[in-house]
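The residues making up each chain are set out below.
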Amino acid sequence: MNEIGLTHILFVSTMLFFIGVYGFLTRKNMITMLMAVELILNSVNINFIAFNKYLYGDKLDGLFFTIFIITIAAAEAAVAIAIIINLYRNLKSIDVDDADIMKF
Amino acid sequence: MSSLNIVLIPLLPLAVFLLLGLFGRKYLSKFAGVIATFSVAVAAFLSLSTAYSYFFITGKTEGVYQKLEVMKFTWLQFAPNISIDMGMLIDPISVMMLVVVTFVSLMVHVFSLGYMKGEARYATYYAYLGLFTFSMLGLVLSTNIFQIYMFWELVGVSSFLLIGYYFEKPSAVAASKKAFIVTRFADLGFLIGILILGFNAETLDFGTLIQRLTDPTSTYLQGSVASSFLGISSLTWGLVMVFLGGAGKSAMFPFHIWLPDAMEGPTPVSALIHAATMVVAGVYLVARLFPVFSFDVAALDVVTYVGAFSAILAAVIACTQTDIKRVLAYSTMSQIGYMMFSLGVSRYGGEHGLGYMASMFHLFTHAFFKSLLFLGAGAVIHMVHSNEMSDMGGLRKSMPITHITFLIACLAIAGVPPFAGFFSKEEILLAAFHSNKLIYVLALFTSGLTAFYMFRLYFSIFWSKETQHTTDAHHDEHDHGEGTLSMKIPLIILGICAISSGFVPIASWITSDGLPLETHIDMAFSVAPVALGLGGILLALFLYKKANPRPDTIATSMGGFYRAAHRKFYMDELYLFITKKIIIKLVGRPAAWIDKNIVDGFMNFIAAVTALFSELIKGLQSGKLQQYAAYYFAGVLCFVLLFIYLWH
Amino acid sequence: MSNLTILILIPLITALTVLFAKTTAQIRWISLIGSVIQLAVAALLMKAYYAERAAGNTAQMLFEYRCNWFTPLNIEYYVGIDGISLVMIMMTAFVVVAGILISWKVETLTKEFFFLLLMLSMGAYGFFISLDLFTLFFFLEVAVIPKFLLIGIWGSGKKEYSAMKLALMLMGGSALVMVGILATYFNSDTGNGAHTFDLLKIAAQQIPYNAQLFIFPLLFVGFGVFTALFPFHTWVPDGHSSAPTAGSMFLAGISMKLGGYGCLRVATYLMPQAAEHYSGIIVLLATIAIVYGAFATLMQKDLKYINAYSSVSHCGFILLGIGMMTKTALIGAVMQMVSHGVMTALFFGAIGMIYERTHTREVEKLGGLLKTIPFLATIYIISGLCSLGLPGLSGFVSEMTIFMGAWQRPDAYHRIATILSCASIVVTAVYILRAAGKAMMGPITNEHYLHLEDATWNEKIASVVLTLGILAIGIAPFWLINLIEPDTQLIMNGIARGITGN
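Residue numbers (this note's numbering), protein chains in the order written: chain C, 3 to 106; chain Z, 31 to 678; chain H, 24 to 525.
Misleading hints may appear alongside valid ones.
Taking lysine-lysine and the PhoX-like style, the derived pairs with C-alpha atoms no more than 25 Å apart in a straight line are [what the hints assert, rightly or not]:
#1 30(C) <-> 611(Z)
#2 610(Z) <-> 461(H)
#3 654(Z) <-> 105(C)
#4 611(Z) <-> 70(H)
#5 611(Z) <-> 461(H)
The set of hints was computed from the structure by calculation and includes no laboratory data. This structure is a prediction, so every number in the text was calculated from the model and none was measured.
Turn these sequences into a full structure, and let the hints guide you.
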């Protein structure tokens with residue numbers, strides 16, 4: 003019990019994941035929502051690292067995946083911010099509820 | 031009797047129809063009449079030569095007239111045994127009909143040269159006449175019961191076209207529709223009859239069918255007698271159904287209502303179609319199937335009673351009509367009734383077949399004097415420009431030829447010796463006398479009535495009010511006088527036929543079994559009908575020779591009965607009630623309503639339900655990103671829970 | 024002429040060429056020439072067919088051609104014709120030529136209009152020659168879509184509603200067909216465990232009886248929607264009356280026949296036992312359609328509605344012929360498809376041409392047209408007479424064949440159905456003569472009618488072409504029967520084998 007185990011780390015990442023989900027569902031500002039998405043991604047990263055270390059210590063697959071996700075996240079942030087800027091130009095707002103023209 | 035000649039007989043009028051129908055209006059309107067008349071004249075000549083060689087040279091084998099099939103090919107094969115064959119059947123009755131049809135048609139063609147002159151659709155008129163003549167000839171020559179049905183429909187449609195010739199007159203259109211629809215309704219019976227008989231005998235060919243259904247040992251006959259529906263054998267059903275078709279065409283009760291209205295057509299057409307040829311098609315049909323009918327007394331009884339009832343009903347109505355063509359129409363119906371019950375009281379072979387012979391004899395003579403009456407009426411209408419008796423009178427001086435020929439025809443139809451009608455009617459009465467006394471009495475009474483209403487017509491046209499029109503005629507330069515030569519010649523020729531056709535020895539040619547039949551006029555027997563006929567004439571003379579109030583007084587004293595007869599016993603009203611009130615209101619309108627509201631409504635209901643459902647759930651598609659994400663996560667959560675639940 | 028694909032290629036190429044045409048005149052002439060070539064090809068095909076048969080080729084399908092389309096699922100492009108498809112192709116070719124001639128004056132979006140007409144005809148040709156169920160379904164869909172646009176864009180009256188209704192109901196029908204075809208596919212067996220869409224192979228093996236009982240209704244009702252099976256006929260009146268003239272002609276003349284052909288070729292041919300099992304219901308529905316359609320027609324006031332409802336009644340005869348399950352009746356059903364195709368196209372053509380001049384189709388408002396436009400009125404009357412079954416015209420032959428075939432069923436149920444159907448021809452006479460008597464004959468009701476122009480050359484040719492078709496069947500039906508008879512015999516063999524093998 004004096005060593006930090008896999009369970010502890012998974013608990014942290016799960017907390018992080020749900021904080022991200024909560025943020026994504028409740029924040030109205032798109033930038034904040036983007037940050038929430040980053041939290042979710044990072045929770046996944048933590049999982050990868052943790053599993054890699056505790057279960058397959060002799061392999062590096064988890065690390066590779068983490069780096070891959072960080073790259074994706076960077077690209078995604080660029081695309082997302084581009085979309086947000088475009089939305090702002092059109093709607094004069096970055097409130098997600100204002101961007102609801104794609105409905106029935 | 032070469033077969034080419036016979037094939038040409040119907041094809042000539044057909045060629046005329048095609049030629050005039052396609053090119054007549056534009057190119058041939060001047061010559062249409064001449065072309066058509068010439069080709070029918072050739073056809074008539076060929077028919078006469080065919081008749082001559084059939085009756086005198088080639089027709090008989092061992093003293094019996096044979097049925098010859100001149101040509102035959104399969105037109106439509108339904109099943110291995112059942113096919114519509116197109117062919118030409120030459121036997122005594124078809125040869126006789128050939129002569130009658132082409133001859134009367136020729137007379138009508140000639141008459142129309144003058145009568146229809148100057149009509150805008152002159153060529154069309156002759157085209158239609160050609161179509162009719164072709165169809166009628168095809169009908170009489172048919173070898174196959176389905177072939178006869180086809181030509182049956184074709185004469186129906188040519189009659190429709192000719193009645194509706196003056197198509198701008200609503201009454202003519204209504205009459206043509208009525209004629210077509212009423213006969214079509216009767217033809218439904220004919221069609222079902224064909225189906226019943228055809229499938230019982232497993233053939234549609236007349237020869238085979240008659241042979242199979244008249245041989246007591248054949249399984250076909252036994253089968254059709256054994257199988258029954260509503261307690262009536264299928265043979266009887268079949269025959270009665272076929273007779274229904276015949277009754278429709280021949281204007282028998284209760285399908286007679288179209289005939290008087292059909293007088294809306296040009297008068298020569300009435301002479302051809304509604305007096306001499308098409309309306310006797312029903313009689314011809316029964317005669318054609320007579321060997322089968324003679325096996326089934328029940329069916330023959332139906333023929334007898336329908337015929338006799340129609341004869342007397344029509345005669346009573348004819349006494350009250352004032353439109354001369356309608357009087358003639360009812361008289362036609364009455365005479366056809368004679369022919370029908372004469373067939374009905376007849377049996378097959380020898381002396382028992384007297385009625386059959388008499389019926390054919392009457393058909394033959396009637397064709398001449400009735401078409402003469404119609405053509406005469408046509409000449410009168412041509413001059414007076416009216417169909418009403420009250421507009422006529424005293425015409426005997428201004429139209430001498432019409433007057434004399436009309437008188438001859440009236441004497442013939444009244445059965446005064448030695449005119450044609452006398453001989454044929456005597457045979458019919460004799461046949462009735464020997465088999466059914468009730469029918470005999472009815473027939474005798476009808477013959478008296480016939481004489482009365484025909485002479486009522488005659489006196490009203492040619493006597494009655496004196497000189498009124500003759501003086502008019504001199505001052506009216508638009509008046510045609512008695513008509514052109516082409517109108518007089520047919521009258522004269524037909525007049526001669528009306529006198530002489532009674533002496534044609536039909537009995538030795540046309541009998542139920544093909545053997546000659548010995549007939550003799552029994553003086554004692556003739557006394558009653560002739561006396562009644564003369565009585566009818568005298569009564570008409572007394573009432574109508576001079577304009578006087580007596581007819582009106584009598585009409586008034588008859589009260590309701592006169593009114594009912596005058597209104598044709600309300601048959602038209604009854605039909606109108608059935609069609610308008612029952613069929614249209616109770617069947618047609620609900621059907622249309624159900625279609626619009628229930629069947630289509632159901633489809634629209636499905637569409638509406640779909641739309642409603644979509645209205646309910648479309649709120650889910652809100653466009654709000656976070657809602658979608660929430661659904662997504664909820665979905666994932668559900669799956670996870672489900673997964674965990676199933677895992678255990 | 025051994026490659027049937029040309030039948031699909033000609034309309035396709037014509038349609039594509041039309042897209043590149045510059046002027047309206049070019050569009051018209053290209054379409055006309057394309058359709059005339061197609062008619063000539065169809066005639067040559069017929070000649071080749073006769074030659075093959077005369078040479079003793081007894082194969083069920085001639086001019087077969089197959090190539091793989093999608094091997095994993097055994098989907099093939101597989102075409103071939105027998106007598107039945109041949110007469111349907113001929114009929115289609117006639118109707119297409121006439122339809123294009125009659126649309127000569129379409130001024131709005133001409134290019135698109137002719138393009139769609141040609142695509143529709145391509146779908147029909149493809150459908151009639153397909154021997155692979157998947158190909159068949161493909162072409163069925165190709166033939167449906169253009170109708171929606173034709174009605175929705177060039178139609179009249181409540182055209183959007185009608186177009187939508189027609190498209191949805193037909194799509195519903197084809198959805199059922201799709202399910203049926205897939206079910207057939209998964210019940211088929213080529214011997215090595217693989218499934219097949221090949222029509223002949225499926226017919227040769229037998230689909231299990233229980234599967235047939237399930238699949239047959241799907242296919243029959245699905246195709247039945249196309250051919251106005253009661254109670255799925257309600258798209259017919261609305262669709263026809265809203266469609267442009269050529270649209271109505273194609274709709275009634277060609278696409279309603281797709282359904283009848285499908286009912287016969289796919290449903291009945293592949294599932295004979297189930298067809299026998301359900302024949303009582305088919306006869307019942309067909310009789311209802313015939314009688315009730317006729318009575319519903321009596322109450323219609325618009326020339327197009329009259330003809331549309333009478334189409335319901337007449338197409339009922341097709342289904343009646345199939346439901347009676349006798350060879351004569353089947354022959355009659357095929358003849359009725361051909362006959363009604365040509366006749367109703369002529370009928371709608373005449374109505375369209377009259378409407379173009381009078382600007383009304385209300386029977387009550389018309390009158391005396393025989394006087395002012397004799398040619399068109401005569402054409403109307405001729406098609407009317409054909410509709411009411413006048414001997415010498417095509418309707419008589421096919422209806423009588425069906426009655427004859429139907430009467431071969433001796434039990435009371437079938438007899439009553441037959442008699443009721445026979446009775447409908449009287450009602451037909453009533454409604455046809457009512458319309459003709461009021462609109463064509465009678466006094467002229469409108470001053471304006473005195474100055475109407477009679478048919479132009481293109482309209483005359485169109486009418487004459489179709490009239491010749493009617494006469495060819497009506498006067499000499501034997502050639503048609505000779506073409507159809509051997510193939511209906513094969514279908515009957517299948518039915519007989521299916522019943523005894525059970």
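Status of the hints after comparison with the structure:
no. : hint              : in the structure
1   : 30(C) <-> 611(Z)  : violated (73 Å)
2   : 610(Z) <-> 461(H) : holds (17 Å)
3   : 654(Z) <-> 105(C) : holds (8 Å)
4   : 611(Z) <-> 70(H)  : violated (55 Å)
5   : 611(Z) <-> 461(H) : holds (20 Å)
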